[in-house]
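Letter by letter, the chains look like this.
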Amino acid sequence: MVCPLMGIVLVGNLEESARKASRWFLEKPPIRNLRDWAISFSLWPVHFTTSCCGAEFAAASCPRFDAERFGFLPFLSPRQTNLLLIEGTLTRKMAEAAKIVYQQMPEPKFVILMGVCALDGGIFHNSYNIVRPHELFPVDVFIPGCPPRPEAVARSIIMLQRKVRNSKYIWGDGHEPKGED
Amino acid sequence: MEQSSLTFRYKELERAWDGEKVYEVFIGPQHPASGHMRFIVRLDGDIIVNVEPDIGYVHRTMEKLAETKEYIKSIPLFERATIIDSNNITLGYVRALEKLLGIEVPPRARYLRTLLSEINRIASHLYGLGLAGIFINHSTMFMWGFGDREIWLQLAEELTGARLTHTYSIPGGVRSDLPQDFKDRALKAIRYMERRLKDYMKIFFNNPVTVARYKDIGILKKEDAKRLGIVGPNLRASGVRYDARLVEDYGAYREIDFEVPVREEGDALSRLLLRIDEIKISMDIIRQVLEKIPDGPILAEKYLRLIPPKLRKTMEETGRVKFPGLFASLRPPPGEATARVEMGHGEVFYHIISDGSPKPYRVRIVTPSFRNLLLLRYLPVGHRFMDFPAIYGSVDYFPPEADR
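From first to last, the protein sequence lines are chains R and S.
The first sequence begins at 599 in my numbering and counts up by one.
The second sequence begins at -19 in my numbering and counts up by one.
If you're looking for bench data, these hints aren't it; they were derived computationally from the structure.
These figures come from a predicted structure and were not determined experimentally.
Each hint should be verified, as a subset may be incorrect.
Heads up, simulated DSSO-like pairs for lysine-lysine below, C-alpha to C-alpha not over 30 Å straight-line [stated by the list, open to error]:
id, chain 1, residue 1, chain 2, residue 2
1, S, 79, S, 272
2, S, 44, R, 691
3, R, 691, S, 53
4, S, 201, S, 260
5, S, 44, R, 697
6, S, 339, R, 691
7, S, 260, S, 272
Using the sequences and the hints, build the whole thing.
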């Protein structure tokens, strides 16, 4: 049987067919626009501090810079969040935890790398104990600086919101952590 | 060694550990606290039997990296260890380096270092108090602490040009002079902070809910504090009058009249209140520094002479130091030097070994958070699980500093 929905074949496994149908429904323009609008104003980062840029990240979500006005609220459990902010250097021991946290987060999920150490090592570029986070996660926004100012964090949120509103991300595709480290 | 009461309590509870009723709770490294840290807590019912801090999540190998960099390049490296207290942590390194090189710091530079150190100390304590607030879910204290910290960061930014990573102290002096009207703005900040501290007392420290969480929790006795080698506000809250500012002759502390606050109780509440006392003392020191600060150069004469006359002229006009070319390859004579500096978290100790080359042979840092880490192992034992965040918040432990 060929369903009238844009030629998607809905036969066989009922669960599979239901998932396909719901995916088709969510990707249809008015629903899709509504969905993207909702996601862009509920970017909740998981409370996961990896290094010293966390001090500036904390300042960004506190009174003077107040990133919460963008719908950006650090939250505790990875299960209820959709944004992973790597704040500074990612050591080998922490990278394992970061991968587990990332895998626990539900789709759609985004990654922001904060600080030059997260970009490519920075001042610790020749250290034996660090990893490059862009080798592990699909990254949406990079914030350079050592440490970046809180305004830069706010700007990165706006950039990510714009990316989401323009439907520039792919749902459930290429969002698995890479690498063995 | 004579065993204290704390050790006895620890041994007694450790015996229950073998039984089946003990279960483990893993806290972190992704947890609502300041992060980068894992605790393996063993519980008997609701009573903590044993806590094992699992450190090393932020070990960025700073000591090893320092061996691969020229002396002057290690200053920005070490300030990343405690980014919230960056002048204090680099001051120890700079002082040890000055001892190796045999340089005298001009008086104005010493006063300016003291000024930024105290601004850093206030910001660091407010950071700690804010986190202590959020640990027991008091978000007002968190928001107030972090919001008021911005005032001091603003002052530091006017003085040095950076919010957190100042790189202000360099061998032989400081990097920039006082900006215009700095005194008025600093005094305004002090007046504001004094008003705010009264609000803090009202909403946090005299709040019955907070007092119930902190009072008589995690008591550190005087002899235990000495035996475990605790430093900083945690030591002084247990009644020991020890401060690197008194012991070591650095900065302008010998010329300034100040009292080091000491409290006797040693519980979580007194550790937090001691930080409030220290903020008051630091503001008093800033006021005295701004009054007493002498005129003169901000870089040692030995290095000023090396700067070309044209650059020296722009330096005097703008108040910003141009580095002499010699700084690219400072070669201290072979030898060793040590220095201690009091940070917001406690005393930091540096040991530099030089072999006469432009890079250090070895740099050893003993950071206050690493020494205070023992508290997280000993203090929570015997308390309820609910008290664990209260104790962790009161100790003001900063993981990147301990792991280096």
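Now for the hints, and whether the structure bears them out:
Proximity of residue 79 (chain S) to residue 272 (chain S) is assessed by CA-CA distance (about 26 Å); at most 30 Å being required, the pair is judged to hold. A distance of roughly 18 Å separates the Cα atoms of residue 44 (chain S) and residue 691 (chain R); the hinted pair therefore holds under the 30 Å criterion. With a C-alpha separation of about 27 Å, the suggested pairing of residue 691 (chain R) with residue 53 (chain S) holds against the 30 Å cut-off. About 25 Å separates the Cα atoms of residue 201 (chain S) and residue 260 (chain S), which keeps this hinted pair within 30 Å; it holds.
Between residue 44 (chain S) and residue 697 (chain R) the CA atoms are separated by roughly 27 Å; this keeps the pair inside 30 Å, and the hint holds. Between residue 339 (chain S) and residue 691 (chain R) the alpha-carbon distance is near 29 Å, which keeps this suggested pair within the 30 Å criterion. Straight-line distance between C-alpha atoms of residue 260 (chain S) and residue 272 (chain S) comes to about 19 Å, which keeps the hinted pair within the 30 Å bound.
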